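Enquirer: Use the sequences and the hints to build the structure in full.
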Amino acid sequence: MKIVIDPTRCQGHGTCAALLAEYIEMDKWHYPILSKNQLKDSHMEAAKKAVQLCPELAIKIVEG
Amino acid sequence: MTDSTSTSIMAPSGARRITLGWDANWKTSNPEIAFAGHSQSRTRLSLAEHISNYGRIPTGFTYSLVSDSLRVANLTGRGGAKFPFYKKLAAVYEADRKKGCYIVANGAESEPLSIKDSMLLRTNPHLVIDGLVMIAEVLGAKGAYIYVKDKEAHSAINAALRERRERGFTEAKVTVVDAPATYVAGQETSVIRRIEKGPALPKFSIERVAVAGVKGQPTLLSNVETFAHLGLILRFGADWYRSGRSGFDSGSRLVTVSGSVDRPGLYEVSSGVAIGDILREAKAHSVRAVLVGGYFGGWLNVRDENDLKLIYDDSTLGEKKLSIGAGILGVLSKETCPVVEAASIVDYLAEQSAGQCGPCIHGLPEISTAFARIALSSNVDRGITELKAVIPLVERRGGCQHPDGVIAHVRSTVAAFGEEIKLHKAGKCSVASSNHQSMLLPKNAQGNLAAASGR
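As you go down the protein sequences, you meet chains P and D in turn. Start counting the first sequence at 2; every next residue gets the next number (my numbering). Start counting the second sequence at 8; every next residue gets the next number (my numbering).
Simulated from the structure, these hints should not be mistaken for lab results. Don't take each hint at face value.
To be verified - Pair ranges (Cβ atoms, derived):
id	chain 1	residue 1	chain 2	residue 2	range
1	D	159	P	23	54 to 62 Å
2	D	97	P	5	22 to 30 Å
3	D	182	P	26	43 to 51 Å
4	D	147	P	2	30 to 38 Å
5	P	12	D	176	48 to 56 Å
6	P	49	D	215	22 to 30 Å
7	P	22	D	402	19 to 27 Å
8	P	30	D	38	50 to 58 Å
9	P	50	D	162	53 to 61 Å
10	D	38	P	39	54 to 62 Å
11	D	89	P	49	38 to 46 Å
12	P	15	D	78	43 to 51 Å
13	D	89	P	23	36 to 44 Å
What the hints assert, rightly or not - A few chain P residues that don't get close to chain D, going by computed Cβ distances all over 10 Å:
id	residue
14	23
15	43
16	44
17	53
Values in this document were obtained by computation on a predicted structure and should not be read as measured data. Idealized CB from N, CA, C, for every residue including glycine.
Expert: Here's what the structure looks like:
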């Protein structure tokens with residue numbers, strides 16, 4: 002499974018970066034940079050939480 | 008191709024013209040180049056004229072026949088992506104079409120310097136419709152769309168569709184959809200959203216349009232000019248289209264020439280001509296540089312005549328990191344500093360952001376500001392440092408191609424005009440005038456670089 006962020010929806014709230022620090026860092030404008038997207042099983046719970054908590058519904062977990 | 012009626016029309020030899028038919032009035036001194044005039048100078052070909060020029064619309068194609076034809080013809084999309092059309096067709100054909108599929112001809116013509124799509128649709132809408140309905144038949148499409156910015160082109164298509172209905176043609180339904188005159192309106196996903204009655208803004212998708220386009224169904228989307236060529240290839244065959252020429256895409260193409268030329272307008276050129284050949288017909292003068300492809304294209308630095316001997320095809324242009332793109336040649340005169348012109352275009356593009364993605368909203372103004380410092384010789388070193396820092400924060404992070412196109416323009420400028428930038432470093436410029444009037448920006452978009460550099 003992998004993480005996908007829709008940049009057209011993202012407003013830079015930063016919830017995903019807080020929950021998935023290993024995958025996501027914030028740029029200087031406070032928008033997420035996906036440094037890697039292949040999700041480890043042990044991070045699945047945190048990723049699901051990031052999906053639920055994103056106010057813009059911008060982050061998704063997809064096959065692949 | 009077994010259509011008996013097309014054999015009664017002799018395929019044109021040497022003149023493979025999609026806009027012009029066999030109209031001798033539009034010849035130039037070079038048999039490989041035809042001048043199709045300005046936006047107001049031609050009227051629409053009626054259905055009767057169209058059929059008398061090109062022959063009846065052949066039907067009964069199979070996928071394999073069309074696919075083979077297009078592979079041999081080597082037709083590539085005419086919107087700028089250089090993608091072989093038979094591969095695009097295959098992607099839609101092989102996708103899950105159980106719930107139908109759609110065909111879209113993109114005539115958004117969002118590049119401000121281009122007039123080819125609106126001219127083609129105003130003059131010869133039937134040829135574009137032919138290509139559309141032939142492919143719709145092959146794919147069993149639910150519907151076909153023409154997405155068009157130009158109002159007169161819109162009327163011309165509607166008139167053409169009316170003629171076809173009156174003649175009792177049984178073919179796929181074609182719907183015309185208006186495109187707004189914004190730069191991002193031509194992005195693939197903007198087109199899809201607009202057809203679905205949404206705003207003409209890019210949409211993020213992990214699926215390609217070929218798999219999930221209009222209404223989530225497989226969609227074949229290409230530039231309107233691509234469909235016009237299809238309309239001829241499927242009549243006269245791939246061998247005719249190639250006419251003994253080899254290479255990347257040997258068919259003719261539409262080229263809009265503007266800037267420092269006495270005969271601006273639309274040209275249809277055969278493959279194999281040099282950029283200089285086209286500029287000679289357009290009566291270009293005092294040539295300093297040529298913008299090749301459009302705002303998303305790149306710059307050719309012209310030091311002497313030899314630089315204009317570059318052959319106008321994608322394989323040769325590719326060696327200089329240039330591309331035919333949307334078929335634009337914008338000629339810059341020696342009275343204009345190319346770096347200032349490029350920075351003005353970049354500033355315009357920054358303002359044309361859809362305003363959806365953070366890196367584009369924040370990054371493009373920063374790129375424009377840094378680039379203006381270089382262009383205005385105010386602080387070149389600082390500009391370069393800022394560009395190096397901001398570009399990685401923007402590149403490949405947008406929901407569409409817009410920010411990457413802007414970055415490509417910046418890189419091309421730096422690659423082409425190193426000498427000029429050196430001058431700017433010393434606080435100078437090869438052009439004395441401090442009052443820069445852009446040659447290649449839309450009249451209503453004359454930017455203010457000084458303001459950009461002071462942001």
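Enquirer: Against which earlier hints does the structure fall short, listed by number upward?
Expert: none
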